[in-house]
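Asks: Given next are the chains, with one letter for each unit.
2 protein chains.
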Amino acid sequence: MFDYGQSDSNVITSDRVNGTAVYGLDDRHVGTIDHLVIDKQSGKIGYAVMSFGGFLGLGEEYYPIPWNKLRYDTRLGGYRTDITEEQLRGAPARRDDWYRDRAYEERLHGHYGAPAYWV
Amino acid sequence: MFDYGQSDSNVITSDRVNGTAVYGLDDRHVGTIDHLVIDKQSGKIGYAVMSFGGFLGLGEEYYPIPWNKLRYDTRLGGYRTDITEEQLRGAPARRDDWYRDRAYEERLHGHYGAPAYWV
Numbered sequence: 168m169f170d171y172g173q174s175d176s177n178v179i180t181s182d183r184v185n186g187t188a189v190y191g192l193d194d195r196h197v198g199t200i201d202h203l204v205i206d207k208q209s210g211k212i213g214y215a216v217m218s219f220g221g222f223l224g225l226g227e228e229y230y231p232i233p234w235n236k237l238r239y240d241t242r243l244g245g246y247r248t249d250i251t252e253e254q255l256r257g258a259p260a261r262r263d264d265w266y267r268d269r270a271y272e273e274r275l276h277g278h279y280g281a282p283a284y285w286v
Numbered sequence: 168m169f170d171y172g173q174s175d176s177n178v179i180t181s182d183r184v185n186g187t188a189v190y191g192l193d194d195r196h197v198g199t200i201d202h203l204v205i206d207k208q209s210g211k212i213g214y215a216v217m218s219f220g221g222f223l224g225l226g227e228e229y230y231p232i233p234w235n236k237l238r239y240d241t242r243l244g245g246y247r248t249d250i251t252e253e254q255l256r257g258a259p260a261r262r263d264d265w266y267r268d269r270a271y272e273e274r275l276h277g278h279y280g281a282p283a284y285w286v
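One line per chain: the protein sequences are A and B, in this order.
Numbered by the working numbering, the letters in the first sequence go through residues 168 to 286 in order.
Numbered by the working numbering, the letters in the second sequence go through residues 168 to 286 in order.
Hints in this document: simulated from the structure, not taken from any laboratory.
Please read these numbers as outputs of a predicted model, since none were measured by experiment.
For every residue, glycine included, the Cβ atom is placed at its ideal position computed from N, Cα and C.
A hint or two may mislead.
Claimed, not checked - Here are the simulated DSSO-like cross-link-like pairs (lysine-lysine), alpha carbons at most 30 Å apart as the crow flies: (1) A:Lys211 to B:Lys207; (2) A:Lys211 to B:Lys211; (3) B:Lys211 to A:Lys207; (4) B:Lys207 to A:Lys207.
As the list claims (entries may be wrong) - Which bits of chain B does chain A cover? Going by a derived footprint, with three or more residues having C-beta under 8 Å, they are: (5) 186-195; (6) 255-267; (7) 275-282.
Claimed, not checked - Away from chain A, derived, C-beta distances all over 10 Å, residues of chain B: (8) Phe169; (9) Tyr171; (10) Thr199; (11) Gly213; (12) Asp249; (13) Thr251; (14) Glu252; (15) Val286.
Let the sequences and hints guide you as you build the complete structure.
Replies: Now the structure itself:
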């Protein structure tokens with residue numbers, strides 16, 4: 168099919184984004200994107216659900232991170248975030264069906280200082 | 168991890184969108200989403216690359232379709248598009264690396280009457 172080239176490409180495909188590394192402001196590898204959560208109606212990406220692999224002493228846990236808190240960095244070949252360990256530890260508790268709980272989504276975006284994707 | 172529920176959920180995950188059915192205005196199944204193409208810098212979905220599976224006599228071919236030409240339809244449990252067979256047949260020719268050819272992207276979006284995702 169299409170060869171989307173290497174890491175210098177300006178696009179990434181949905182099947183390749185899973186497993187992409189995420190780095191902190193200090194270039195440290197902090198976690199990995201497990202999958203993206205897409206809002207069906209607007210067609211916008213809402214979240215990257217990230218695995219932090221015990222790096223922060225949080226165990227192999229998955230956390231939804233507002234997509235606009237990640238920026239692709241061509242030099243690193245992955246995403247960069249300014250989210251800190253403290254922010255991650257202090258994230259609001261979530262229900263199993265957090266993705267359909269707008270009040271939780273508002274708390275989460277407020278916590279990370281991220282603009283809402285659904286506006 | 169997370170159970171995103173069934174087709175009544177308001178979100179879909181990147182690993183599930185592949186293989187999602189696409190219907191025409193007359194509810195006919197016209198094709199299938201093979202993968203999404205995401206603009207790294209803006210984080211926006213640019214295209215659904217669709218397979219039309221010979222349905223339109225086009226052979227098993229893959230076509231990039233501007234993402235904003237698809238709307239999720241909860242009743243159908245898939246995406247709906249108003250793109251016609253004539254539009255698809257008349258789509259501008261593309262290079263192998265069409266996804267890094269802004270002039271082609273402009274022609275394609277103009278052809279389908281779709282607003283540019285990169286603005």
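Asks: All hints, please: hold or fail.
Replies: These are the hints, each one checked on the structure:
Between lysine 211 (chain A) and lysine 207 (chain B) the alpha-carbon distance is near 14 Å, which keeps this suggested pair within the 30 Å criterion. Between lysine 211 (chain A) and lysine 211 (chain B) the CA atoms are separated by roughly 7 Å; this keeps the pair inside 30 Å, and the hint holds. At most 30 Å may separate the alpha-carbon atoms for a hinted pair to count; lysine 211 (chain B) and lysine 207 (chain A) meet this at roughly 14 Å. For a cut-off of 30 Å, the pair hint linking lysine 207 (chain B) to lysine 207 (chain A) stands: about 20 Å separates their Cα positions.
Chain A is given as covering the segment 186-195 of chain B, and this is violated because 0 residues of the stretch bring a CB closer than 8 Å to a CB of that chain, at least three being needed. Residues of the segment 255-267 of chain B with a Cβ under 8 Å from some Cβ of chain A number 5, which satisfies the need for three, so the listed coverage holds. Coverage of a stretch by a chain is defined here by at least three residues with a beta carbon nearer than 8 Å to that chain's beta carbons; for the segment 275-282 of chain B and chain A the count is 0, and the condition is violated. The beta carbon of phenylalanine 169 (chain B) is not kept farther than 10 Å from every beta carbon of chain A, the shortest such distance being approximately 7 Å.
Distance to chain A contradicts tyrosine 171 (chain B) as a non-interface residue, since its nearest Cβ pair spans about 6 Å, not more than 10 Å. A cut-off of 10 Å between C-beta atoms confirms that threonine 199 (chain B) is not in contact with chain A; the least separation is 13 Å. For glycine 213 (chain B), the non-interface assignment is contradicted: its Cβ lies about 7 Å from the closest Cβ of chain A, within the 10 Å cut-off. The beta carbon of aspartate 249 (chain B) is kept farther than 10 Å from every beta carbon of chain A, the shortest such distance being approximately 15 Å.
A cut-off of 10 Å between C-beta atoms confirms that threonine 251 (chain B) is not in contact with chain A; the least separation is 20 Å. Distance check on glutamate 252 (chain B): its Cβ is at least 21 Å (rounded) from any Cβ of chain A, clearing the 10 Å threshold; non-interface status holds. Its beta-carbon lying about 15 Å from the closest one in chain A, valine 286 (chain B) satisfies the requirement of being farther than 10 Å from that chain.
Comparing the model with each earlier hint shows violations of hints 5, 7, 8, 9 and 11; every other hint is respected.
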